[in-house]
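Chemist: The chain contents come next:
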Amino acid sequence: DIQMTQSPASLSASVGDTVTISCRASRSIGNYLNWFQQKPGKAPTLLIYVASTLIRGVPSRFSGSGSGTDFTLTINNLQPEDFATYFCQQSYSTPTFGVGTTVDIK
Amino acid sequence: VQLVESGGGLAPPGGSLRLSCAVFGFTLETFEMNWVRQASGKGLEWISHITPSGATVKYADSVRGRFTVSKDNAKNILSLEMNDLRVEDSAHYFCVRGSARDGYNLDYWGQGALVTVSS
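Just so you know, the protein sequences line up as chains W and D, in that order. Each residue of the first sequence is one higher than the one before, starting from 1 at the first, in the working numbering. Each residue of the second sequence is one higher than the one before, starting from 1001 at the first, in the working numbering.
Hints listed in this document are in silico derivations from the structure and should not be mistaken for laboratory results. Since this is a predicted model, take the numbers as computed values, not measurements. Misleading hints may appear alongside valid ones.
[What the hints assert, rightly or not] Straight-line distance between alpha carbons at most 30 Å, and here's what the computed DSS-like set of lysine-lysine pairs gives:
#	chain 1	residue 1	chain 2	residue 2
1	D	Lys1058	D	Lys1075
2	W	Lys42	D	Lys1042
3	D	Lys1058	W	Lys42
4	D	Lys1058	W	Lys106
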């Protein structure tokens, strides 16, 4: 299995901040990397696929980058509705997920 | 697009449960489907995948030999038969669609069904 190492596990930020979440694959996965947002008591929702393509309707303050083994999710101008947990997932082979990053209010 | 799971509940260790997932807005004969679970307060674990025809299925090592995925394309219902349940199988189970471009690109999720394994 491909292991996904996601960091940090949690971070505190304020409205208007820029936050960056990293995800590293144990071997090259090309751009087969997806990002999800999950709010308490809800199912995850897909934000970004193939590393950098935003799902329709996802605000442009979200962006993804990277290829190979190293990937980044960036949220610019953090909004109140962005406080949530974010997961990366590789779809190069049978799916594996990062441990998640909880973004909470500072 | 909507996915609605049912069939969760409480089972003893060694017991069985069957989850169902009714899908709306698309057909199971067109899309690959997955099951993903999440223990309370924990991360996500992919556990199973099935192709549109149902001819090919895959399982995580943690459930292989105990869980069986199947589907009824005519009724648009995906199922997960869970046998020999263990305490560590306790989790929310999500029925998840694979996108048209990549069956492991998990684009639509159900609301989840809670499975609790306890004596």
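Chemist: Each of the hints needs a verdict: does it hold here or not?
Modeler: Verification of the hints:
With a CA separation close to 22 Å, the supplied pair Lys1058(D) and Lys1075(D) stays within the 30 Å bound. Straight-line distance between C-alpha atoms of Lys42(W) and Lys1042(D) comes to about 13 Å, which keeps the hinted pair within the 30 Å bound. For the suggested pair Lys1058(D) and Lys42(W), the alpha carbons sit about 26 Å apart, so the restraint of at most 30 Å is met. A threshold of 30 Å between alpha carbons decides the hint, and for Lys1058(D) with Lys106(W) the separation of about 42 Å lies outside it, so the pair is violated.
The structure shown violates just one earlier hint, number 4.
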